[in-house]
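Number of protein chains: 2
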Amino acid sequence: MDHKSFKEFSQAMSEYIANYLENIRERPVLPTVEPGYLRPLVPASAPESPEKWQDIMEDLERVIMPGVTHWHSPRFHAYFPTANSYPAIVADMLSDAIACIGFTWIASPACTELEVVMLDWLGKLLDLPKEFLASSGGKAGGVIQGTASEATLVALLGAKAKAIRKAKAQNPELTDYEIISKLVGYCSQQAHSSVERAGLLGGVRLRLLDTDERHRLRGDTLKAAIEEDKKAGLIPFYVVATLGTTSCCSFDALEEIGDVCNASEVWLHVDAAYAGSAFICPEFRYLNAGVEKADSFNFNPHKWMLVTFDCSAMWLKDPTDVIDAFNVDPLYLKHEMQGSAPDYRHWQIPLGRRFRALKLWFVMRLYGAENLRAHIRKQIGLAHLFESLLLEDSRFEIFSEVTMGLVCFRLKGTNELNEQLLKMINGHGKIHLVPSKIKGSYFLRLAICSRYTEEEDIRESWKEISTLACNLNN
Amino acid sequence: MDHKSFKEFSQAMSEYIANYLENIRERPVLPTVEPGYLRPLVPASAPESPEKWQDIMEDLERVIMPGVTHWHSPRFHAYFPTANSYPAIVADMLSDAIACIGFTWIASPACTELEVVMLDWLGKLLDLPKEFLASSGGKAGGVIQGTASEATLVALLGAKAKAIRKAKAQNPELTDYEIISKLVGYCSQQAHSSVERAGLLGGVRLRLLDTDERHRLRGDTLKAAIEEDKKAGLIPFYVVATLGTTSCCSFDALEEIGDVCNASEVWLHVDAAYAGSAFICPEFRYLNAGVEKADSFNFNPHKWMLVTFDCSAMWLKDPTDVIDAFNVDPLYLKHEMQGSAPDYRHWQIPLGRRFRALKLWFVMRLYGAENLRAHIRKQIGLAHLFESLLLEDSRFEIFSEVTMGLVCFRLKGTNELNEQLLKMINGHGKIHLVPSKIKGSYFLRLAICSRYTEEEDIRESWKEISTLACNLNN
Chain A
1 MDHKSFKEFS
11 QAMSEYIANY
21 LENIRERPVL
31 PTVEPGYLRP
41 LVPASAPESP
51 EKWQDIMEDL
61 ERVIMPGVTH
71 WHSPRFHAYF
81 PTANSYPAIV
91 ADMLSDAIAC
101 IGFTWIASPA
111 CTELEVVMLD
121 WLGKLLDLPK
131 EFLASSGGKA
141 GGVIQGTASE
151 ATLVALLGAK
161 AKAIRKAKAQ
171 NPELTDYEII
181 SKLVGYCSQQ
191 AHSSVERAGL
201 LGGVRLRLLD
211 TDERHRLRGD
221 TLKAAIEEDK
231 KAGLIPFYVV
241 ATLGTTSCCS
251 FDALEEIGDV
261 CNASEVWLHV
271 DAAYAGSAFI
281 CPEFRYLNAG
291 VEKADSFNFN
301 PHKWMLVTFD
311 CSAMWLKDPT
321 DVIDAFNVDP
331 LYLKHEMQGS
341 APDYRHWQIP
351 LGRRFRALKL
361 WFVMRLYGAE
371 NLRAHIRKQI
381 GLAHLFESLL
391 LEDSRFEIFS
401 EVTMGLVCFR
411 LKGTNELNEQ
421 LLKMINGHGK
431 IHLVPSKIKG
441 SYFLRLAICS
451 RYTEEEDIRE
461 SWKEISTLAC
471 NLNN
Chain B
1 MDHKSFKEFS
11 QAMSEYIANY
21 LENIRERPVL
31 PTVEPGYLRP
41 LVPASAPESP
51 EKWQDIMEDL
61 ERVIMPGVTH
71 WHSPRFHAYF
81 PTANSYPAIV
91 ADMLSDAIAC
101 IGFTWIASPA
111 CTELEVVMLD
121 WLGKLLDLPK
131 EFLASSGGKA
141 GGVIQGTASE
151 ATLVALLGAK
161 AKAIRKAKAQ
171 NPELTDYEII
181 SKLVGYCSQQ
191 AHSSVERAGL
201 LGGVRLRLLD
211 TDERHRLRGD
221 TLKAAIEEDK
231 KAGLIPFYVV
241 ATLGTTSCCS
251 FDALEEIGDV
261 CNASEVWLHV
271 DAAYAGSAFI
281 CPEFRYLNAG
291 VEKADSFNFN
301 PHKWMLVTFD
311 CSAMWLKDPT
321 DVIDAFNVDP
331 LYLKHEMQGS
341 APDYRHWQIP
351 LGRRFRALKL
361 WFVMRLYGAE
371 NLRAHIRKQI
381 GLAHLFESLL
391 LEDSRFEIFS
401 EVTMGLVCFR
411 LKGTNELNEQ
421 LLKMINGHGK
431 IHLVPSKIKG
441 SYFLRLAICS
451 RYTEEEDIRE
461 SWKEISTLAC
471 NLNN
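The listed protein sequences derive, respectively, from chains A and B. Each step along the first sequence adds one to the number in this note's numbering, with nothing skipped, and position 86 is 86. Each step along the second sequence adds one to the number in this note's numbering, with nothing skipped, and position 221 is 221.
If we strip away everything but chain A, and leave its shape as in the complex, we get (with noise of 0.2 angstroms):
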């Protein structure tokens, strides 16, 4: 393909993608395919000779739309939201035209300073303690990682490295896989799926704690495990805290859990995946309050902060034990400037990484600080005015408190009752909500996720919600 072909082909995308993005809430939500529908759409094997993109453009309606589950229709509240914005877009042209590989700091000095830069800008927004930023001047500092499963699991190793070194410090002829053996980890029951398969990964023990009535982990309950664990001759050594828990957005109590893990001195880990945008508003950073304790801070500005997916933001006051789990420095990637800046190959679990921070440059920039605020803010708002009509009819309760932009209710009755309501909402594919359950109780989810969603839309989902109750109950 030529620059020519390409500067058209873009050219029809971008018409495309505006048209695609701006009249989203015309397509049903959820795709009615079956398993196996695509196979039969498109050939057995690849073209031999090159077709035109003018082909693939006609396909795009063919075979892909069919199949798609449209996050970013105003009628999808699954899950949590996941970014979309057109200055991300934008930037990712650029990020993958450059299409460097950063994993030293000579494979593209502009690739790791960017980053360096903006996850700077990032933290000043959400107002993290100056201890883990690289502008301090010391060690600290933030990363682009993938995912917030992997800045799980890379703090994770960090610890069980540090863990480890500490133990043999101590006892010098306990071996690396006694030692592995009686390290535990801690977080709360409603802590992500995630934090679980870290441990699993990482094959160390990982204990989920009960929670309070407002569903959060408590100091107490993370002090009296850890206190019996080290009395069984175990070693504690990492707890992961979550700010927003996938299940209800429950906050876990960060200020007491801070206070146990560094009396302890056990590594602790912030998981704010999809609240920590929300610390960009003064308002809500009450709910932060407590992460000078932390030793690792993450969130995902692919979730609420409309930055494309992936950009998950990790800062770390001292990466030195993340880097030396990880360190293996082959001759080929070495460079004279080894020292200067970080290498942020030591900072991740996959060796190669592409210039995300482009998306972040560009994301701040063209909406600015206060766009970011006013974006938050209005999610916000519509959770609320969901609540509000949700708690105008007398047969729905809420179950846990709204904070962020999820509502988590359900039917006044049995489990039985919601697991058929939320059948036939998904089924009727107007709107689309999972499920969740919390000792015991199966509630329904409505997260606020399309950067398209106004008022109306939410009067809408209420209204299907409340028919199809209705039909229910007949």
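Please keep in mind that the hints were generated in silico from the structure rather than gathered at the bench. Hints should not be assumed to be uniformly reliable.
For chains that are exact copies, the list does not tell them apart, and a pair is met inside one copy or across any two.
Taking lysine-lysine and the DSS-like style, the derived pairs with C-alpha atoms no more than 25 angstroms apart in a straight line are [what the hints assert, rightly or not]:
1) 423 with 334
2) 412 with 439
3) 166 with 124
4) 463 with 130
5) 437 with 334
6) 334 with 412
Dock chain B against the given chain A, drawing on the hints supplied.
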């Protein structure tokens, strides 16, 4: 940013990208900036109010380009290539616009299903045994990983889970930790650093085995190591065979290694990250002979097959152990179609995933198999051209056989002499190479990387090296 501005902005970016790539030969391949160059060029914090997209366009040459190492310059010969193509850039625009997270089938059926079919297309292009393909109707199939590092780690974790399960069946009294402390994996001393790193991350012992005079791991060496370890009470569980090592593009003896692995019931993973793309050409498939004995196979279309990073293609004959190793299944991710199509979240380290199959679809269709093959053949031809130029100069010697697009060479003489030459080459800044070292011998690596590379460029690169070598001898 409204859709009108987006269309203008993306059009301006297309123009910029086309100019950048079509004239990339004119830019110095290596930046001359010092660490820390970028911070003074941008404000200390994100702007409060939105800027104009034109402001960003103006900053590209001022802030970004001075710090870019131009991986797509025909003068870039470092590492291995990373891909860049117009069809892939446009595919990513669409992926960013749809912006679905394909962790389950229902989260966007098209995202999963196009991936299943594209990995079949790709597997057929490489002539992989049908036991690896989803179209064979069994459990097998392909998946897009972010990087070869992740594929190596995923295979290791699957192999580890399988080995633990087997050992427990034989000795139910053993704990997981006791079994893990006995596990041992193997690779060649020339395997990529990410293999050693996968061992560190997975918390298992990994032995780097000696290679023959052609830098290949041989079956006998592996067999002897396995027998020795078994005698010592260890449990051999995982072997990585590399096809196209990073150091010198050597090929492990896959047929022999496969026999040893199959006889010992050890998981065999094939890492063909770079060289795998060449197997789309029938004349290079002899290097992949024995692949039918492997459990998993991986190569990176994002290296040499014109699909932009990240797109690392991995096939598993039986993904069961990988899926079981990672499976954590919360209610909010369950859906009714579970089991009828792959839920790719169980096949990878992260939970989230982008719609990357679009890149494969666009690239295979818009190039056609014949042009992809032509690309590989041309680049291998250019490597042989450089080899022949070098062989005409009696000061130089070829370090290892040229099979793909990499030429490993050195000045006859000491390592120090070659280190000086490399320093002069990179210092002069006209071309960029990285070195490697095998068994004490330091050598220079010249990789054919850019799709813009022509014969004239190779003659220029050779002239630069040859001239600087004269200065060195003076």
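What label fits residue 463 with residue 130 when the C-alpha limit is 25 angstroms: within, between, both, or neither?
neither (47 angstroms within a copy, 51 angstroms between copies)
Quick one: residue 166 to residue 124, C-alpha cut-off 25 angstroms, is that within a copy, between copies, both, or neither?
neither (33 angstroms within a copy, 51 angstroms between copies)
When Cα atoms must be at most 25 angstroms apart, do residue 334 and residue 412 count as within-copy, between-copy, both, or neither?
Close across copies (23 angstroms), not inside one copy (63 angstroms); limit 25 angstroms.
Check residue 437 against residue 334 for me: Cα-Cα at most 25 angstroms, and say if that holds within a copy, between copies, both or neither.
between (50 angstroms within a copy, 12 angstroms between copies)
Homo-oligomer pair classification [residue 334, residue 423; C-alpha up to 25 angstroms]
between (56 angstroms within a copy, 13 angstroms between copies)
Please sort residue 412 with residue 439 into within, between, both or neither, judging by C-alpha distance up to 25 angstroms.
within (16 angstroms within a copy, 73 angstroms between copies)
The structure is inconsistent with the numbered hints 3 and 4, although it conforms to all the rest.
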